[in-house]
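*Asks:* Produce the complete structure using the sequences and hints provided.
One-letter residues, chain by chain:
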Amino acid sequence: MPTETRHMFLNIGPSHPAMHGIVQIITELDGERVVGADVEIGYLHRAFEKDAEAGPYNNAIPYTDRLNYVSPLINNFGYCLAVERLLGIEATERCQYIRVIMSELSRITDHLTCVGASAMELGAFTVFLYMIKAREWLWELVEAVTGARLTISYGRVGGVKADLPEGFAERARKALEDVRKVLLECDGLLTRNRIFVDRMQGTGVIGKERALSFGITGPFLRSTGAALDCRKYSPYFVYDRFQFDVPTGEHGDNYDRYLVRMEEMEQSMRIVEQALETLPGGPLNVDHEGRMLPAGVMVDEAKMGRVAGFKNVRVRLDPTLQGSTRGFHEAVNPDAKRAVLPAKEDTYGNIEGLMHHFKLVMLGHGIRPPQGEYYSAVEGANGELGFYVVSDGSDQPYRVRVRPPCFAIMAALSELIVGDMVADIVPTFGSVNMIGGELDR
Amino acid sequence: MSVDAAKLNWMTTRLDAALGWARKFSIFQYPFVTACCGMEYMATATSHYDMDRFGAGFPRFSPRQADVLFVVGTISHKLAPMLRRVYDQMTEPKWVVAFGVCTCTGGFYDNYATVQGIDTVMPVDVYIPGCPPRPENVLDGLIKLQEKIAQGELAR
Amino acid sequence: MPTASDELIARLRARFPQHILAAHAYRGQPTVTIRREGLLEVATALRDDPATAFDVLMDLCGADYAWFGMSQASAPTLRTPSPLPYFMSPAPSAERWERGVPHDAQHRFEVVYHFYSTAHRRRLRLKVPVSFAEPSVPSLAGLWAAANWYEREVWDMFGVVFEGHPNLKRILMYESFQGHPLRKDYPINKRQPIIGPVN
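Chains as they are written, first to last, in the working numbering: chain A, 2 to 442; chain B, 10 to 165; chain C, 17 to 215.
Source of the hints: derived by calculation from the structure; they are not laboratory data. Model, not experiment: these values are computed from the prediction. Incorrect hints may have been included.
As the list claims (entries may be wrong) - Which chain A residues stay away from chain C? Per the calculated CB distances, all over 10 Å, these:
1) G37
2) E122
3) A170
4) T192
5) L213
6) R402
7) G420
Said to hold, decoys possible - Chain A residues, not near chain C, derived (Cβ > 12 Å throughout):
8) L11
9) D52
10) E144
11) E274
As the list claims (entries may be wrong) - With a straight-line cut-off of 20 Å between C-alpha atoms, the simulated EDC-like cross-links for lysine to aspartate or glutamate are:
12) A:K233 / C:D71
13) A:K175 / A:E141
14) C:K206 / B:D119
15) A:K233 / A:D188
16) C:K185 / A:D39
Glycine residues also receive a C-beta, built at the ideal position from the N, C-alpha and C atoms.
*Replies:* This is the structure in structure tokens:
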């Protein structure tokens, strides 16, 4: 008697322990083999693009933190870069170095979370605990610089919120050293672990051509052998000054993606170390001829009639984070004062600073890029993170579009898991590193 | 047969106290993790801050085995029915923690897509504000929840 | 001296004079606005011609130009004019940006494509204006796999129909949602909850 066979439908998600966030995968199974899959997203849609259009340019920055909440600094800088280009201003060199350092620290935290979480889903709970421990050290660094652990709002159009604190370089080197030890331990626990290798190798395979057709970028694409990296091929900030490699895989499977991520963390640490070596001091003692002075100093001097030759004048500000007094906002903010919010000490400390602040945040004033459009591409932890900003000449962005890196990968997910076993969905989905905030915006 | 009511009251009160004491240190939580707050939830749950010290170290991903629902992160209108369903599937007694400001009030996502506080779709016991709340803040909220559980009556 | 962007634009202008409405390289980013009738032809050529070889569709998004330059905040200053301090006045720039088509109902929406070429390591932005009355463009899902989901998103957010799309349905919002939220005339806080009160 012929047995009747039919396919079974298995619903995974929206709330499932192996889903990093909220996504629904409806799989069609023949036995344990996946023969069809439908991916439903949008459960974390929270209208980033609409919110960004509803307020002035600076108001969108906190929203960008929450796009890819594992590496928020990169989002901040990507958005700021787009607005800066529209305005035609350039951040100072020191600021660009700081941006590179913070972006790379973010990338390490992102990869740590991704690798740790996907290892946990395969049963390697120790790795998860170790990697989160390492992430915690890096977050302490981030907190020392930005004042927050996760949603940092550190980028500013034209600069960053604050300079690096005292002794940052030493702390960072120490932290990276510790992170390296953790990575070595995790490498020992995973890379040649039979169970891990068996579950990762040969699952979730995608070819290079197909990956490019899906618009996949980042570690996911590099695991297929295509060495596409914005930092290398369309350098932004000062990435072209550093030596680093773009690791690539060859099989395009989960195991190669794991290896690429592990190697990228090492490369990021290399970049951070080089940047700390060569971090320029910033234009603190240069000639201020023709350059904007802090408003308070300018007025005090002008009252006494001394308006010519403001040379070597340094204002000492109190950074909100460390309590030390250093003239630091000049070092991280550009000359174009029409775009950068004054230091909070100026805003609260003198009337000119307050006026300057008001001019930038009040309706009808504010940052006003001329009409135009710009697409800024930065290398996010998951791939190319693009911000397409359209300005209509007003103080609110007319249109802000994010090109979310994991959207393209999620579009390919149903193709990735078809043909594999049900259990292979977990490592494949883990290596996608889906971040809900960025996927659904 | 006449029952000494005063004595019975004393008995049930003591029973409540004993049960509450036991319950507050064996929290089986269901983390409904959606968004950014999940990162801080991870940080709180793992070794650095270690929620296990407070008896809440064992996440259960089945609503039927959980007694505290941690709603971690923004809830959109698309997701609200699922959240409500998870809540309905949990067995009594159950508690709900709104983790992060998005679940408390909607936070700064005042737009067409997000639910303005999960208390519009289900009762909430403890609110932990913050965007996202720091781990210390989460642990503080957890202790508040434990106090509430300890005071709970037998028949809720 | 003509830059690589100028050269790319010149090449496209020479090849598709009948389709191109406008072109510019504002801030060094080559941009070409084309008629929607020519989209499939131009896109196929961009992908297959080895001189352009745009093999990656990086991004596809919509834009609604309904209120372009008309928002309240676009007014230069408050009613009592308070001039900007000298250090805040915009830097003079020789570069001017033009959309290339009027901001009217006939060209209300725009579908914006960002291409990337791995061979030449350069980018191109392609824009297709779409009318309010008949918001539709041909689908590129047959050329790039990436277009599938991006087009669904543009349909969801702007209501632009992609002809020939294999599975055009909402992706971020739910099926019972009415309207297209990223259109400028959709109020930001108009909620349509499935359960719970409207608040």
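*Asks:* List in ascending order the numbers of the hints, as given earlier, that are violated by the structure.
*Replies:* As far as the earlier hints go, 5, 6, 9 and 15 are violated by this structure, in ascending order.
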